[in-house]
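A.B. asks: This is what each chain is made of:
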Amino acid sequence: MCLPLVVLGWVGLRLARQERDMATQRTRDLLVARLADTDRIIADYFDTQRRSLATIADAMVSSPDSIRDTILRDPLIDNAFLLSPDGQLIHPNLNSLSQRESTFISTHGDMVRDINTPADDEQTATITGSWTVRFAGQGVNIFYNHASPGGQTVAILLARARWMADVIANLPDTPIDEEEVDTQIRLINANGDTVYAWGRLANDNDTQPFAELPISEPLAAWRLQYLINPDNLTASTAAYFNMLSLLAVCGLVIIVGGLAFHREYTRRVTEATQRVSFVNHVSHELKTPLTNIRMYAELLDEHIDGESDDKQRRHLDIIVEESQRLTRLIGNVLTLGKSQRDQLNVRPRPAIVDDAIRDVAQLFKPSFDRRKVSVDMNLDAPATVNVDVDAVEQIVGNLLNNVEKYAAQGQSVTISSTQTDATTTITVADQGPGIPADQHERIFSPFARLSNHIADSPGTGIGLTIARELARRHGGDLSLVPTDKGACFLITLNTPAAQRNADA
Amino acid sequence: MGNGVSHHQTTNRKSAPSLTIVLQTSYPDLTTRVVANRNIRWCSNDCKDVDTQIRSKAMNAYHKTLIVACTMVALATPSSAKQAKLDVSLAHPTLLSDSPQTTYVKVGLTGFELAPNEKRPPVNIALVIDKSGSMQGDKIEQAKTAAINALNMLTPDDIVSVIAYDTAVSVVWPATKLTDKVSVRNAISGIGAYGNTALFGGISKGAAEIRKFLARDRVNRVILLSDGLANVGPSSPTELGYLGSSLLAEGISVSTLGLGLGYNEDLMFNLAQASDGNHVFVEDPNYLAHVFKREFNDVTSVVAQEIIIRIECAPGVRPVRLLNIDGDISGQNVHVRMNQLYAGHEKYAILEVEVQPGEPLMSRRVANVNVSYANLRNGSNDSLFAYADADFNPRPSVVESTINKKVMAEVILQIANLQNELAVRLRDEGKLNEASRVLKSNGFFLEQNARKFESRRLSERADSNFQQSDSLDGRDWEKTKKSMRGYQRQDRGQQQVGSLGPN
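Residue numbers (my numbering), protein chains in the order written: chain A, 115 to 618; chain B, 892 to 1394.
It is worth saying that the hints were derived from the structure and are not from the lab. Since the model is a prediction, treat every value here as computed from it, not as a measurement. Backbone N, C-alpha and C fix where the C-beta goes; we use that ideal spot for every residue, glycine too. There could be a bad hint or two in this list.
[Unchecked claim] Covered stretches of chain B, as calculated for chain A (at least 3 residues, CB under 8 Å):
1) 1057-1063
2) 1146-1158
3) 1236-1243
[To be verified] Sample of chain A residues facing chain B (criterion: CB under 10 Å; computed from the structure):
4) L190
5) D192
6) E215
7) V281
8) R463
Looking at chain B on its own, in the form it has when it is part of the complex:
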């Protein structure tokens, strides 16, 4: 049994104290690895001393206790260099040895927590508010009130700009430090609704305001509130998606809040998805205050941003597609961008791979993962590294029994989302029956796997699917589609809330 040697490197400004733990294994076909984000020395029968970052596969009780002890010791060690946690796992840690198999590589990042007395990183927010004619009345009033109230969550160190758009775009409040809340409030209160919807222009101006103070140590985000269809300027979901990705490359995320039943959910979804922002369906303007608070809460809990994930697949491993996020696949390499990581919250990217059969009982590298990001707490550029290895076994039952349930549940969730997207396409083409069928079968798929992988989220989604399969008619569809998009973004981006309202 050969155990792969792996390297773990951190390029921190401060060096971390190391803790040495020595483990010994006696099971030839199982290897014991410990999940921790501390430096751990591991040695196999050969007792090689290395610094490693390792992940768990399967453990017996003894090892579990050891792991717990190690972890406790590890966490007890004070460290002045907090980092995000990188977690690379396979859905099938054990693969079939005599035929190619599809499995999934999950790259998970969790934001570190700030100490209770630590000041959070300052934010740089552009509020882009739709003030077209359709927003007249209750909607614009609630939006303004919600925005004004949410400002109370910010401090004078934070930078805020307010943009309002209808046919033309007005920079109601240019990007400035929030030292004078009253004036910003007044500027927001003065917004009145009439005209068309220049959404692209609004976002452009919002991004321009953010660029005035664009900095790696600030959380840069555009928050868009719209209730209507964009009709001035580029307004196709594709174009808005491209805009989103270019903003992501700059370190700016766009969160899109869709209000009511009249907005273009594809457009709003694409923009958020491409820029790694939130997308929320708000059916009732009375929930705007809550949504704004949640959004500001997210922004003020970002600890890392501008995340670049590079997955290098080993020979014999073919990257097929990314399930929940956009990226660039060229040859063996996969390049993924994410933006903002919240404290204590995990975001992930799942890559589907096809693995060629390998020698049974041989462990093989599946993928190497390099991650770099901007650490907002200390202003440094952190790099993390991790990898995934797999074992091979001729027996399917063994393969089955070693499935990583958590990862698999997340895989199922993403696959179901892709299926649902097919249903949406069918419904938009007018094929209600087919769409309904897809949704229903997807529902069963979710239900089955919910039981198998013990996932509550999957059974919730199964229920939603059944509900949605019955709400494809006329006006119902408007609402259904919007909440689907909200959930979709929630699932794909691991955001907290997808849809708010009486539904």
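With the rest of the complex left out, here is chain A:
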């Protein structure tokens, strides 16, 4: 039981974990796609600037004297280089630098060398230019490079604070009463500092980003982060735990069920065993006193025979009859117990069947006389055969008992026996009320009685069951023969012939 559980658990766990990882990855991909949308907003802004900067650059080329003015007027431009086709620096004019230009040259002057050597034909052909990023001062510095058709080169430095403010202006703001959102997107600069954030997190600090995306040119050193409250990964986490708990429950059910079943089984077996042994024990205990009662009753019967009055005799008869009944009953119960334990055996011995029948009929005579039931005996089984006399007595006794109980009003019972080679047939017929057709089989079931009213007649309902069981064990059967009036039982027994010399 344990091994399948373990295997089940391990496989289930792996599946659940896989499922959860896949779900997490799906969520992550979704969020990265959203970040990509934001990236497009930023990229669009720089594209727009590039177009207007191209126009400005061309104007710078055509009138270098107005460059200072242009720079002063345009909030987005910090400063600019203008190089002649042969790489000479036209602006700023090194002979008359303003303070701003001095700072500009000292910070970015080395760029001039790099601009000086454009890649052969490419740059002269392009009209709209490209971005260059340099790290200096506060962080990222963005240059717009432009090669004019005439061969001059322009490099325009964007005012840092300005493009940052513009980018922020284009990004979403956070609605003021959305306090339950619990997600946040952050714009992170090259140093890892947050430049701008939108959305709201319940706990601001120490939240690892769930998804990240670097931004397009020229802000490639920056990135976007998507932060969510990890407790909110409901879909995947919940499924994972659901799977796990389901597995656990199944496993538990199996274990508990198994244990319970085992216990129940053991208990029942124990109980049954106990009950049977109890029954046997009790029956045995009952039998002994009964035997004594019968014995002394019969002795008394012989003693007073012929001398005492009828009343005494009658009382004695009743005592004997009742004790016989009890004995029979106990015998039935014991037999039933044995039969249930599959320990019922018949012991055929050489004997005469008719003798057995006469003996048992004799037992019932006083009762039948009292009830005014006449007994007709047509016995024709005189051969000595192998037969279990006790079984015969029990079977016939049960049948006669039934007649006594249920068919006494018929005033008659006929017992007949015949024999063929190895089979003895006995019939017991009465003139009682008979048995309804739909009960013909049921009467042989244990504990089944035609009526459950205790007052109707005493009995436990096991008489016919025993009788049939015994008959069958004797190689024969007990059945009900259809009759017009009353009931007729047919007993067949397997009785092979026996040697007269065997033990009697």
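Position chain B relative to chain A; hints supplied.
C.D. replies: Then chain B, alone, in the frame of chain A:
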């Protein structure tokens, strides 16, 4: 004696009627010039007729009366083209003739007054309010109340947007005409405080809202209220300064109101200084209502904006530095931006120059000044021109006696401010004693000159300096520095108030 010929040009849409006054001078070493903003014909012994805009140097009683008469006549003349008044003056109208001398050129602009029944130019204001955790409680409540009350000074023609920021930025009320005051009020009332401080983001969004209705005929201003340190986004004073100057180039000024003792005064000062807005230290939230009213009052009295001043120094004159404002000096040219000019109120820029010795008794051009600005009253682009000439004299006493006291007082004020900045730097480096010494000596400097140039402002500042030199310790410094920054901005930008509170 040669008198310089100077030109005055106005490129107005409407032509101004001219008034002709003829003056004659008889003093060879003094020239008489008249200050007026009307067209005046002046002629020297040569009696040349020219249209001039002239400035006064020294006058005797006769000329004073004449000047008064002229001025009265001038002002009585009706004019449909009101303009700002440009005033270019030298601290030392007479310079030493045998050695180089440092002097100062003051370029002053005064806003014109509107007629009593004239409607003021509409405004475009973005209120940017700090709602970080430190603002919780009384501060945010007072801020909201103050903002709501100040809205009553505006009309449905004005455009207002409200931005609130903590870790993230919320546009509480996007830029719209103020036709529905109740809704704006409700939006402001709904602001609650918690979180960090994304000041840069707040300003960016505020500027974005202003840009929706950015126009030359509107007064465009961001008003920032903050009580804390910026900790999300760029937060160095330098970066915020750069942001300020780029906004100035667009015609947007940022006024910064610092509340309490926890904000970064360098950051707030830089932002206002660079964008030509106000910076005020508000110690007590109870004064917020007053501050907001003053600020809105300023905004609603702007008559000219987007001012570009170009100073061209003559040969032999070297521009050294600008004292109270940022600008670009390249060669002989100086480029200065200012933004918003209030009616009847003067803003100025002072340039320190080194002048080479000149011929005694010769008058020489020192600087030509061109100013252009957007006239909010009639939507036109006005240009003004003025210049400054100087005489030379070998006698120091003469030079001394002709000093322009008013200009010199303003020069001293600005120099003292620069000195104070040195003291602030020293104190921030932990050098309390040195800082105290600088403040004290600066105080004496101010005191001396206060007497010499008869300036009340200078003696007030002297007193402040002495006070500040004693309040450099620990918690005191927080407060001292903030009020210093407030005064600094007040002096440099000629704003009305620098610091508000029980101090």
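A.B. asks: For each hint given before, does the structure comply? Return the numbers of the non-compliant ones in rising order.
C.D. replies: Violated: hints 2, 3 and 8.
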